[in-house]
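Trainee: Based on the provided sequences and hints, a complete structural model is requested.
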Amino acid sequence: MVEPSDTNLEDESPVTGDVEETDEATKHGDDVELERTIGLTGAVSIGVGTMIGAGIFVFPGIAAGRAGPAASASFIIGAVVALLVALPASELATAMPRSGGGYYFISRGMGTFAGTVVGIGLWLGLVFASAFYLVGFGEYLAVLVGVESSGFVIGSAVVAGVVLTGVSLTGTENAAKIQNVVVAVLLSILVSFLAYGVINAVGPFSAGTVPERYAPFGYAPVLSTAALVFTSYLGFAQIATVAGEIKKPSRNLPLGMVGSVVAVGVMYVVTVFVATSAVGSETLRGYGETAIVEVARELLGTTGALAVVGAGLLATVSSANASVLASSRAVYALSRDALLPRRAADVNLRYGTPHIALALAGGPVVLLASTGRVEVLAEVASFLHLVMYGLICFALIALRRSPPDWYEPRFRTPLYPVVPIVGGVASFALIYYMQTASKIVGSLVMVAAGGWCFYYADDVSLRGAV
Amino acid sequence: MTRILVPLAVLEGETVSPGVVGSLSNAEVVLLGYHVVPEQTPPGQARMSFEERAEKALGETASSFKDAGVAVDKVLVFTHDRSETVARVADEHGCDAVLSNQPSHDADDILVPLLPTDADGDEALVETVSSLVEGRDVSVDVVVFANEADDTRAERVAGALVERGIRSDAVTYGSRATDTPVISAGKEASDHDLVVMRNEFSLADLVLGDKPGRVADTSLTPVVGVLRRDLPAEDI
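Chains as they are written, first to last, in the working numbering: chain A, 1 to 466; chain B, 467 to 702.
No lab work stands behind these hints, which were simulated from the structure alone.
Cβ atoms here follow ideal geometry from the backbone N, Cα and C, with glycine treated the same way.
Treat the hints with care, since some could be wrong.
[What the hints assert, rightly or not] Cut-off 20 Å, straight-line C-alpha distance, at most; resulting in silico cross-link-like pairs (EDC-like, lysine to aspartate or glutamate):
no.: 1; chain 1: A; residue 1: K27; chain 2: A; residue 2: E408
no.: 2; chain 1: B; residue 1: K540; chain 2: A; residue 2: D30
no.: 3; chain 1: A; residue 1: K247; chain 2: B; residue 2: E550
no.: 4; chain 1: A; residue 1: K27; chain 2: B; residue 2: E517
no.: 5; chain 1: A; residue 1: K27; chain 2: B; residue 2: D547
no.: 6; chain 1: A; residue 1: K248; chain 2: B; residue 2: E558
no.: 7; chain 1: A; residue 1: K247; chain 2: B; residue 2: D547
no.: 8; chain 1: B; residue 1: K532; chain 2: A; residue 2: D31
no.: 9; chain 1: B; residue 1: K522; chain 2: B; residue 2: E478
no.: 10; chain 1: B; residue 1: K540; chain 2: B; residue 2: D562
no.: 11; chain 1: B; residue 1: K522; chain 2: A; residue 2: D346
no.: 12; chain 1: B; residue 1: K540; chain 2: B; residue 2: E526
no.: 13; chain 1: A; residue 1: K177; chain 2: B; residue 2: E550
no.: 14; chain 1: A; residue 1: K177; chain 2: B; residue 2: D547
no.: 15; chain 1: B; residue 1: K653; chain 2: B; residue 2: E614
no.: 16; chain 1: B; residue 1: K540; chain 2: A; residue 2: E20
no.: 17; chain 1: A; residue 1: K248; chain 2: B; residue 2: D557
no.: 18; chain 1: A; residue 1: K27; chain 2: B; residue 2: E550
no.: 19; chain 1: A; residue 1: K27; chain 2: B; residue 2: D557
no.: 20; chain 1: A; residue 1: K248; chain 2: B; residue 2: E550
no.: 21; chain 1: A; residue 1: K248; chain 2: B; residue 2: D547
no.: 22; chain 1: A; residue 1: K247; chain 2: B; residue 2: E558
no.: 23; chain 1: B; residue 1: K532; chain 2: A; residue 2: D30
no.: 24; chain 1: A; residue 1: K247; chain 2: B; residue 2: E521
no.: 25; chain 1: A; residue 1: K27; chain 2: B; residue 2: E521
no.: 26; chain 1: B; residue 1: K540; chain 2: A; residue 2: E24
no.: 27; chain 1: B; residue 1: K540; chain 2: B; residue 2: E558
no.: 28; chain 1: A; residue 1: K27; chain 2: B; residue 2: D539
no.: 29; chain 1: A; residue 1: K27; chain 2: B; residue 2: E518
no.: 30; chain 1: B; residue 1: K540; chain 2: A; residue 2: D31
no.: 31; chain 1: A; residue 1: K27; chain 2: B; residue 2: E558
no.: 32; chain 1: B; residue 1: K522; chain 2: A; residue 2: D30
[What the hints assert, rightly or not] So these bits of chain B aren't anywhere near chain A, every CB distance computed over 12 Å:
no.: 33; residue: M467
no.: 34; residue: N567
no.: 35; residue: T646
Mentor: This is the structure:
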């Protein structure tokens with residue numbers, strides 16, 4: 001299978017060259033190869049590890065406070081939209097298993113301008129997401145040490161951001177293995193906690209649930225809550241940002257993306273059910289971001305609460321870390337295509353790490369974390385991702401309608417064209433339900449990205465564009 | 467002809483010494499320049515920064531083989547995982563053995579250690595040794611390392627080597643009683659110029675690393691680790 005190349009020798013426009021993809025490596029020309037080393041477990045761990053921090057450890061309280069027990073419907077809507085995008089994304093990823101994920105698909109499917117806007121949107125969207133996770137981390141640390149001060153929350157978020165960036169700059173070769181272990185530990189804590197919660201709510205010895213109407217505030221908040229909590233589904237696309245490093249991409253990319261969305265979607269819905277059954281949505285609202293800790297305290301006493309605090313710290317920090325790394329990969333993908341200066345992709349020989357790309361990710365994360373605005377950070381992250389998701393769906397349609405000769409996906413989206421059309425429209429529709437502040441910030445980022453494209457990259461034409 | 471994979475950490479300045487070039491002068495060499503990057507670095511990004519420098523260093527090593535008349539294929543890989551890359555490239559290029567590199571000045575004196583973990587099927591080992599030694603003035607010591615000293619297996623392997631045309635006065639055999647065969651083989655190897663041994667996997671390797679690598683580290687002698695081929699296991 002020969003596909004569009006991604007090399008550019010100078011920092012002008014990309015040049016062409018033949019590339020062969022195998023299950024284990026990407027081969028450039030005769031004798032330069034890039035090893036694929038991430039298996040299915042690694043892929044799912046990236047997806048789940050990125051997503052779970054938000055959906056379980058930050059949103060249930062806020063969401064239940066806004067929509068009541070119907071917050072579970074908000075999470076279901078989010079899961080459905082995410083799946084409708086994950087399927088087209090899987091098809092594109094198997095046709096173009098390269099680093100950069102959504103950016104790469106859109107730049108090849110819809111051209112340089114859309115690609116640049118989405119690529120910069122992806123970079124900064126992940127920056128917003130990471131800042132959001134870090135503020136969540138700060139909230140959990142505050143619960144752990146028993147301090148109720150927003151200064152402490154923000155301070156620890158900033159410190160954690162600096163430490164994370166520093167660690168990834170100096171390079172730990174075992175980062176992925178640590179991530180796998182963290183996700184496994186998290187999942188076992190959560191599954192036991194949720195199983196206990198479900199039995200407690202509906203089992204034969206049920207202590208009864210807090211009686212409440214399903215949608216006490218009507219159904220409009222269900223949609224706006226879906227727009228808010230969509231941040232908890234952003235992780236599946238992170239799998240596509242490391243597509244170039246995934247073994248057997250035609251099998252592992254679709255399985256990893258769809259599988260991780262389904263896995264976390266089920267856990268989110270169960271979490272909201274357990275939380276609202278145990279303490280009621282009015283109480284949850286009062287507890288805010290760390291509401292799930294109070295649910296654990298209610299169900300399992302102090303030990304349970306402590307376990308959940310520990311899990312929350314792990315989950316938020318692993319989500320933040322995964323997002324910084326994915327963001328740095330977006331910078332690399334843009335720089336590789338000469339849409340950012342080539343220097344942005346430099347790797348230093350001492351640590352073997354992309355210091356400039358990591359700083360371009362970690363620096364703004366720290367800055368944004370210092371605002372401490374959980375909901376706006378989350379929504380702007382979702383906004384920028386949703387634009388990309390919508391365009392992924394339309395890029396799929398564009399590529400299917402006039403496929404270039406390299407377009408040979410191993411996975412084909414079922415129910416085409418219904419799935420990409422509904423997925424695309426639904427992605428843009430969710431944006432409509434966001435807070436005004438988030439829409440303004442998100443739009444500004446996109447306008448700036450468009451401006452950058454005209455200023456810096458209007459002479460770049462990406463091969464494979466239709 | 468034997469095809470041998472020579473992996474080199476090419477950006478860390480690893481090269482091959484004259485003894486290694488001489489020892490492999492009968493072989494086809496697949497020169498694998500690799501660079502391991504941490505998880506946060508996409509291999510393609512490392513390639514953007516380092517390809518030129520790595521190609522240059524790899525080309526220099528390739529020339530030192532070519533100058534000695536050795537056929538060389540070269541490949542440059544950016545990876546997160548050295549062992550995966552070595553296994554894949556060895557497989558794709560149909561290599562019979564992998565070199566664990568160490569410096570050596572001469573190419574006169576080969577140790578062939580036989581370990582208890584690779585008790586049956588020494589065919590591939592004999593094949594590799596005889597093909598490396600063919601037509602060269604080299605001495606070969608075949609030594610069994612096991613709990614009890616017993617020359618039988620060493621004698622068989624030595625006999626098979628002579629049958630393949632190695633001068634019988636160039637081949638010696640013996641055995642050593644030891645509880646730590648790999649370490650003893652490493653110590654024995656330190657006054658040789660090259661080790662040729664089989665690379666049979668056993669569970670301990672997960673923790674300690676593969677046996678040829680351990681022998682090379684202990685002895686500071688280059689080791690050719692012969693890979694398992696699906697040959698019929700027949701007595702030799």
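Trainee: Take the hints in turn and mark each one as holding or not.
Mentor: Hints versus structure:
Pair hint A:K27 plus A:E408 holds up; C-alpha atoms about 17 Å apart against a cutoff of 20 Å. Distance check on the hinted pair: B:K540 and A:D30 sit about 9 Å apart at the alpha-carbon level, within 20 Å; holds. For the proposed pair A:K247 and B:E550, the alpha carbon gap of about 11 Å is at most 20 Å, so the pair holds. Of the supplied pair hints, the one linking A:K27 and B:E517 holds, its CA atoms being roughly 13 Å apart against a limit of 20 Å.
Between A:K27 and B:D547, the direct Cα distance comes to roughly 16 Å. Compliance with the 20 Å bound is thereby established for this hinted pair. Pair hint A:K248 plus B:E558 holds up; C-alpha atoms about 16 Å apart against a cutoff of 20 Å. As the CA atoms of A:K247 and B:D547 are separated by approximately 12 Å, the hinted pair is consistent with the 20 Å bound. Of the pairs offered as hints, the one joining B:K532 and A:D31 holds, with about 17 Å between alpha carbons and a cut-off of 20 Å not exceeded.
The suggested pairing of B:K522 with B:E478 holds, with an alpha-carbon distance near 13 Å, which does not exceed 20 Å. For the suggested pair B:K540 and B:D562, the alpha carbons sit about 16 Å apart, so the restraint of at most 20 Å is met. The straight-line distance between the Cα atoms of B:K522 and A:D346 is roughly 19 Å, inside the 20 Å bound, and the hint therefore holds. Only pairs whose Cα atoms come within 20 Å are accepted, and B:K540 paired with B:E526 is accepted, the gap being roughly 11 Å.
A distance of roughly 15 Å separates the Cα atoms of A:K177 and B:E550; the hinted pair therefore holds under the 20 Å criterion. Simply put, A:K177 and B:D547 have alpha-carbon atoms about 12 Å apart, close enough for the 20 Å limit, and the pair holds. The hinted pair formed by B:K653 and B:E614 meets the criterion: a straight-line CA distance of about 18 Å does not exceed 20 Å. A threshold of 20 Å between alpha carbons decides the hint, and for B:K540 with A:E20 the separation of about 17 Å falls inside it, so the pair holds.
Distance restraint check for A:K248 and B:D557: the Cα-Cα separation of roughly 17 Å lies within the 20 Å cut-off, and the hinted pair is therefore satisfied. Between A:K27 and B:E550 the CA atoms are separated by roughly 16 Å; this keeps the pair inside 20 Å, and the hint holds. Taken as a hint, the A:K27 and B:D557 pair is honoured in the structure, with Cα atoms around 15 Å apart against an allowance of 20 Å. A distance of roughly 14 Å separates the Cα atoms of A:K248 and B:E550; the hinted pair therefore holds under the 20 Å criterion.
For the hint pairing A:K248 with B:D547, the CA-to-CA distance comes to about 16 Å; that is within 20 Å, so the pair holds. At roughly 16 Å between alpha-carbon atoms, A:K247 and B:E558 fall within 20 Å of each other, so this suggested pair holds. The hinted pair formed by B:K532 and A:D30 meets the criterion: a straight-line CA distance of about 19 Å does not exceed 20 Å. The hinted pair formed by A:K247 and B:E521 fails the criterion: a straight-line CA distance of about 25 Å is larger than 20 Å.
Among the hinted pairs, A:K27 with B:E521 is consistent with the structure: their alpha-carbon atoms are about 15 Å apart, no more than 20 Å. At roughly 18 Å between alpha-carbon atoms, B:K540 and A:E24 fall within 20 Å of each other, so this suggested pair holds. A distance of roughly 13 Å separates the Cα atoms of B:K540 and B:E558; the hinted pair therefore holds under the 20 Å criterion. For the hint linking A:K27 to B:D539, the alpha-carbon distance of about 15 Å falls within 20 Å, and the restraint holds.
A C-alpha spacing of about 16 Å is found between A:K27 and B:E518, which places the hinted pair at or below 20 Å, so the restraint holds. The suggested pairing of B:K540 with A:D31 holds, with an alpha-carbon distance near 7 Å, which does not exceed 20 Å. Distance check on the hinted pair: A:K27 and B:E558 sit about 12 Å apart at the alpha-carbon level, within 20 Å; holds. Restraint check for B:K522 and A:D30: the C-alpha separation of about 15 Å stays at or below 20 Å, so the hint holds.
With a cut of 12 Å on Cβ distances, B:M467 stays outside the contact zone with chain A, its closest approach being about 21 Å. With a cut of 12 Å on Cβ distances, B:N567 stays outside the contact zone with chain A, its closest approach being about 19 Å. Listed as a non-interface residue, B:T646 keeps its Cβ farther than 12 Å from every Cβ of chain A; the least gap is roughly 29 Å.
Hint 24 from the list above is the single one not met by this structure.
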